Amino acid sequence: MKQTFKYLLMVVITASLYQAAGATTISVRLIKDKSSRCLQQPVLKFLSNQENYTISAKQWYNGENDWEIFFEIETKTQPIALAQLEIEAKGIKIARAIIGRTDVPFKQIHNSITFQLVNDTTDGRHVQTSWQNPKGGPHIWFYHNWEARRNGKYLNVPYPAKALAASFNFVLACHEMLRLMGDMSGMNQKFYGEFILLTCESSAPRAHLDFPPHWHLEHWESGYNKEYGIDWRKKQFIIPHYYLDSAGNITHNKRSITQNYQPVKSAKNDYLPGDTCIWNDTEGNLIFKQVIKNGGLYFIKPNGEEWSLRPDQNNGSSESVWIYRGNSAVAKAKAVDNGETGETKLYIDYYDQGIKKNSWADAFRYDRFTGNQL
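Quick note, the sequence shown lines up with residues -23 to -1, 1 to 351 if you use mature numbering (1 follows the signal peptide of the UniProt record, and there is no 0).
Read the hints as simulated data drawn from the structure, not as lab findings. Be a bit skeptical, because a hint or two may be false.
Unchecked claim - Label pairs and their calculated CB-CB ranges:
1) N165 <-> P82: 45 to 55 Å
2) E65 <-> N133: 20 to 30 Å
3) A72 <-> P240: 53 to 63 Å
4) P82 <-> K266: 53 to 63 Å
5) L59 <-> E282: 53 to 63 Å
6) K70 <-> Q36: 27 to 37 Å
What the hints assert, rightly or not - Derived SDA-like pairs (lysine to any residue); straight-line CA-CA distance at most 20 Å:
7) K278 <-> P250
8) K334 <-> Y301
9) K67 <-> S107
10) K35 <-> I71
11) K84 <-> F48
12) K167 <-> K278
13) K22 <-> K11
14) K139 <-> Y38
15) K266 <-> E296
16) K311 <-> N292
17) K9 <-> K112
18) K84 <-> I69
19) K130 <-> F188
20) K9 <-> I71
21) K212 <-> F168
22) K333 <-> E282
23) K333 <-> R156
24) K231 <-> C254
25) K278 <-> L157
26) K9 <-> E45
27) K112 <-> L157
28) K9 <-> P82
29) K35 <-> Y248
30) K9 <-> K70
Remember, it's a predicted structure, so these values are computed and weren't measured experimentally. The beta carbon of each residue, even a glycine, is placed where N, CA and C say it ideally should be.
Between the sequences and the hints, there should be enough to build the whole structure, so can you do that?
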């Protein structure tokens, strides 16, 4: 496992582009010492530099769950004025104060918690881990979900535990399938650009809030922006959304394409089972064709070879996802993420003619409130 600077840089560039266009948003959170609720609605006050800040009025940005008190504050002042803050939180004890993903010192006297801002504008509620397989293959962003942290529209529906688990299994299986293909991720590929995979996210309204549940296999063909450097929006960015039902089956793919900062208006952007979705780079090279079938996803390479991701026949994709080459199973992928304890475990079993030949496993721990690897 390793952090990949290139992808972290792209995320920073994205945030910088957004902030340059308007207000800078800062995540402010208090972490409780145990699962509990405040006796009254928490209130945030600015003890200094009040004239430079506002509390965001956007839906789901501010509030409380069993473990967190959270606010998103905004400023147009550059550089950021490091204000002193106070949050009144009646009836609870605080264990941590976090700005973005940075822990800061705090003082609690009765119901008053005071602390100072630091210059960390990362989306603190987006608990994610950057992961790269040492064996190669496309980069993965694992978005860590925990029912206690769910937000947005997920507050009003039954928690989709199976769909969220399936998103992890599909992403790991897709990663391994592209790696096994041999010419889809790395030096042998016959197209421009690269892939990145993302699981489903259910807690961060400032970032994703992937509702209804879905996962992504994205294709980034980077351009260059004189002001910001490498910029995936400059050339082409293909963004599929593989939507999942409550059992974790893929139901449709809603795809968007951005070129030179502008959305490409395609005649078709919502692909149902049986529809063929064609992937090309900006030079016209065919990457592959995709078809949703039986709750899984089929890939047809330019040479006609077919690979597929299929839900486990007995227990569905929330249990595991199988990788097929033609009609032969070559591997089974399972990714177990526990957002409450902060641990992800990855498993792949390899098969030859129906017989399990060997296995691979990996695991990592992370801070359950920031995603920072431990």
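* Asked: Hints broken by the structure, by number, lowest first?
  -> Hints 3, 9, 10, 13, 14, 15, 17, 22, 29 not satisfied by this model.
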